[in-house]
Amino acid sequence: MKRYWQILKKYKLSLIISPFLVLIYVVCETVQPLLMADIIDNGVMPRNLSVITGIGGYMILISIVGLVASILNIYVSSRTSIGFGTDLRTELFNKIQHLSFSDIDRFNSASLITRLTNDITKIQQVILISMRILLRSPLILFLAIFFVIKINADLALVLIGVIPVLSISIYLILRKGFPLFIKVQQKVDHLNGIVRENLINIRVVKSFVREDFEAKKFANSSEDLRDMVIRASNIVVSVFPVMQLIMNISVILILWIGGQKVISGNLKVGELISFVNYLSQILLSLMLLSMTIMAFARASASSKRILEVMETERSLTNTPKGLQNIHKIEKGEVAFHNVSFRHYGGENDVLRNINFQIKQGETIAIVGATGSAKSSMIQLIPRLYDATSGKILIDGVNVKDYNLDEIHAKIGMVLQKNELFSGTIIENLRWGKPDATDEEIIEAAKAAEAHDFISSFTDGYNTKLGRGGINLSGGQKQRICIARALLRKPKILIMDDSTSAVDSDTEQKIRTNLNRMLQNTTVFIITQRINTMQSADRVIVLEDGEIDAVGKPSELMERSKVYKEIYNSQQLAF
Amino acid sequence: MAHGDHSKPIEEAKEGKKTFLRLMSYLSCDRSLLYIIALLIIVSIISSLLGSYMLRPIINDYIIPGNIPGLFKILLLLAVIYLVGVIATYIEYRLLNKIGQRTVTRLRMELFKKMEILPIKYFDTHQHGDLMSRYTNDIDKISDVLTDSLSDLLSSALTLIGIICLMLYISPVLTLVSMITVPLMFLSAKLIVKQSKKYFKAQQEKLGKVNGYIEEMISGQKVIKVFGHEKKVEADFDTLNQNLRGKAEKAQLYSGMMMPIMQNLSTLNYVIITIVGALLAIFRGFDVGGLAAFLQYSRQFGRPINELASLYNNIQAAIAGAERIFEVIDEAPEPEDSPNAITLPHIKGDVVMKDVYFGYKPEKIILKGISLEAKPGEKIALVGTTGAGKTTILNMFPRFFDIKSGEITIDGISTKEIKRENLRQSMAIVLQDTHLFTGTVRENIRFGRLEATDQEVEEAAKLTAAHSFIKRLPHGYDTMLENDGANLSQGQRQLLNIARAAVANPAILLLDEATSNIDTRSELLIQRGLDKLMEGRTSFIIAHRLSTVRNVDRILVLEHGQIIEQGSHKELLEMKGKYYSLYEEQFK
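Chains U and D, in that order, give the protein sequences.
Using this note's numbering, you'd call the opening residue of the first sequence number 1 and step up by one each time.
Using this note's numbering, you'd call the opening residue of the second sequence number 1001 and step up by one each time.
Hints are computed from structural coordinates only; laboratory data are not their basis.
Don't take each hint at face value.
[As the list claims (entries may be wrong)] Here are the in silico distance ranges between beta carbons for each label pair: (1) K1375(D) - F453(U): 38 to 46 Å; (2) L1308(D) - K176(U): 30 to 38 Å; (3) K552(U) - L1450(D): 36 to 44 Å; (4) Q1455(D) - D544(U): 31 to 39 Å; (5) D544(U) - N1340(D): 55 to 63 Å.
[Said to hold, decoys possible] Pairs of lysine to any residue, SDA-like flavour, derived with a Cα cap of 25 Å: (6) K122(U) - H1229(D); (7) K216(U) - F1237(D); (8) K216(U) - L174(U); (9) K1121(D) - M1258(D); (10) K1114(D) - K122(U).
Think of the CB as a built atom: it goes at the ideal place given N, C-alpha and C, for glycine as much as any other residue.
Bound-form chain U, shown alone:
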């Protein structure tokens, strides 16, 4: 809540003005029946024309003031709620920019996207509703009661007595209904799960001719959902009739008691009519209030999800030493000392006791089975994750003592999942170096064996890429990603299985180019391919999060059983 307040502070003025505007138009609205009673009792009954026109003039004036006030409030509340939503969205987006890899993993991208889109919209809506309705209903209630007491305190007791009865019955109904809506949500999730599975597995469904089977599954789930929705809604729909019933009973009570009072001369006819009018105003405002409360309940889940992200500490930030930005990466030597690593919320260390030292300019292949934590290991080098224990040194200095900008500038990285962004190819390449010259870009693209296919496009480097680069093949995407990393002229280059979709021939060429272009750059390559392993200076073999062996490829055939198995699995029977 404190965080929301920090944003809302910017709109302090609006937040102060808005309630006043609401007060003004509520007063204007509620005072009308009172004036009407005046007209009837002091104008119509004694046949006094000047009272009618006099009070009538006031009524018109008041209703115009009310209109102006309410439109002003609409304006103020629109600006505030939209402004708030916009600011919150920016703040959340910026926050996400500074989340660490582990936090992104923890929240997962899809969920972060929903938080930034749907959840923010819901909160924005609640602010809007609050400024327009939340205050209005209690004010109407309060003023209506006030006026009613002024007219006749005895009769007002009926009205005042009705309100708690009404509130409690609505509360009881909603309390019974809400848990059912949670169940409805579960059923919805289940149904969506079936649809999603069918979309992913459509080839499987079709090849096993399971369309009817799946349709039946879906039908069951769909009917389950239907029954639950009906059950839940049947409870909630009773709110309105119950409200109506209670209000109607009070109308009758007022007419009965008030009627007798009129007959005995203790109440005027106009006053009785205004009583009935106030009753309908109260009914309307209570209805709006209960709707607002439901909107709040729905938004509270969204708010929780937003705050969860907002309150995540930036776990990977510059250390005090890093902030001073004294150390520079000059050579690109890397050393791991007793490094262990555990993912956020994980039960076990995925890396245990990792030790190795890499010299400047070495090319290191990292091999191991899927799940042996190869990617986790190399992502510790540019501090995408921080080691749980142990030290990682670059040029003899702890990575934590470098400024993060320095790390990002000197370490080039090609991730396993290659992401390109919508925009032209050249814009994507410039991510690597915003001020790169055309020559530099072409050089990098040539080294990544991307220049030829880029040139073959009609628009060459200015070819527009769709979202995520969908108009390129997997291999082409990988090569552009490599070129992008090369543009940095990094001291350390890390490639996470980033040529898997490139054919062996091209991969061979890329490797030769890299050797030529980056003689002094330390290169880490995660790979499954035997020839890549064979051409590395040294190989690190990982097995279940521990180092099985480090050494020259030729030695490892003797020393590492794991390496030999990997080698043989690709060489078998020759």
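Once you've looked at the hints, dock chain D against the given chain U.
Below, chain D without anything else, positioned relative to chain U:
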């Protein structure tokens, strides 16, 4: 709406009307219920209008003359009228709920059934997220309209008519006076709707841009970090977000203005009625009770107009949603089996492709004259670079796509002459993606053949080397797999897929990069499972690691949609052609 509109909006409205009528046709299955609902609506409206009208006799005939016993009786009557109204409303709501949910369920079911019979092409060319949102957002919007808006529409319209009639009955002059504000109400409603529609559209467009940017950047978050690009992205986002803000503020302003303006106009109406009514009472002897009833009506008068305006938006949204749903329902399904298609009781697995041409798009031919032959039980590997057409060939056998020309036969009969169900049941596919269904391990394997006994399921698992790891799972075969089998390794998931194929006991096996996502050591284990599975079945294998296809009977080397070499591993190496060079590259 406006008559001066250009042709396009009118066209849209026409489509909208068609879609709306079609949506309504789903309701007609419960026609008798609909009549009951309409009746209940009428009852509840009459009760509420009559309730307000009763004020007149109550005040005129009982309170002013001072008739207490009479007052008691008439109030009792009023209570009965109110009670009937409340009960009718409650039943109406329940019925609406029922009918709305039933209709939506029907629609959802039809959507799903249709989805299951759409050709594969549809799924390749449409985003999953987009299809998903039809089940969620679009259905939600329709359900809102069916349960709330339609009945509101009816009751608003009826209330409006009822109020006008009663007002006329009480005092034609006063009715005429109060009508002064009505054109004002309609006019301002129309103006506001027009403005707010304009800005809502602009807002929607900007929102789409913002959401698109969010989606792209958040998915690529790790790359942004690696390149330290946060500042630039933040700045770009801010620009988009501020653009949205401008439009959204206006959209909210105009749409928000509707309610207070209507409310104040109805207050104005109230004031005018009070004044004129008072004057009438003095000069024309208009009764006070009548004035009281009239005032109650004028309060109720603004609401239906206000509601009608907001209902319009809801209904538009639902129609847009319905349009998107009908779009899927109207999509052409896989073509029907030809009338003389047959069912082969026992397929041996003699597969022949004769001069097959095919392209996903007519202008881009992928397969150019493919001919091949596989005897029952033979193992054929397809080898070639990406884009050579390997997967495309596999897609042809189960008729996921239909070939352009040429012929494919199984046991000598063209696949077009075999019932699709029969054809597909004769083959099993193992794909690169190792997705599973929510359910137990056993259910996942049994997906291959629903009538398989527990014993058969376990035998299939044993055959394909999946049994040992299943046994080690917490609940063995009854372990629940959720979230796409996230609790299993990729290799284990693939073993389950293979076991699923095994339990289906197909004559023909299609393996599309079945081990590509698996590391080479786990692959050994899976390969053993696959080897067992392939025994005695005609098998087509695509693998990008050549090491996995050496032992097959025949290797076909594809390039640009043509078979350029074929033979055994040994023969092809001796040929020193394309296969030789592919092989050399991989093992150099």
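Hints and how they fare:
1. Checked against the hint of 38 to 46 Å, the C-beta distance between K1375(D) and F453(U) comes to roughly 41 Å, which is consistent with it.
2. Between L1308(D) and K176(U) the Cβ separation comes to about 33 Å, which falls inside the hinted range of 30 to 38 Å.
3. Taken as a hint, the range 36 to 44 Å is violated for the pair K552(U) and L1450(D), whose Cβ atoms sit roughly 55 Å apart.
4. Q1455(D) and D544(U) have their C-beta atoms about 35 Å apart, which keeps the hinted 31 to 39 Å range intact.
5. Checked against the hint of 55 to 63 Å, the C-beta distance between D544(U) and N1340(D) comes to roughly 59 Å, which is consistent with it.
6. Distance hint between K122(U) and H1229(D) is unfulfilled; the C-alpha atoms sit about 30 Å from each other, more than 25 Å.
7. Proximity of K216(U) to F1237(D) is assessed by CA-CA distance (about 45 Å); at most 25 Å being required, the pair is judged violated.
8. Distance restraint check for K216(U) and L174(U): the Cα-Cα separation of roughly 34 Å exceeds the 25 Å cut-off, and the hinted pair is therefore not satisfied.
9. Using a Cα cut-off of 25 Å, the hinted pair K1121(D) and M1258(D) is violated, with the two alpha carbons roughly 46 Å apart.
10. Restraint check for K1114(D) and K122(U): the C-alpha separation of about 33 Å exceeds 25 Å, so the hint is violated.
Of the numbered hints listed earlier, those contradicted by the structure are 3, 6, 7, 8, 9, 10.
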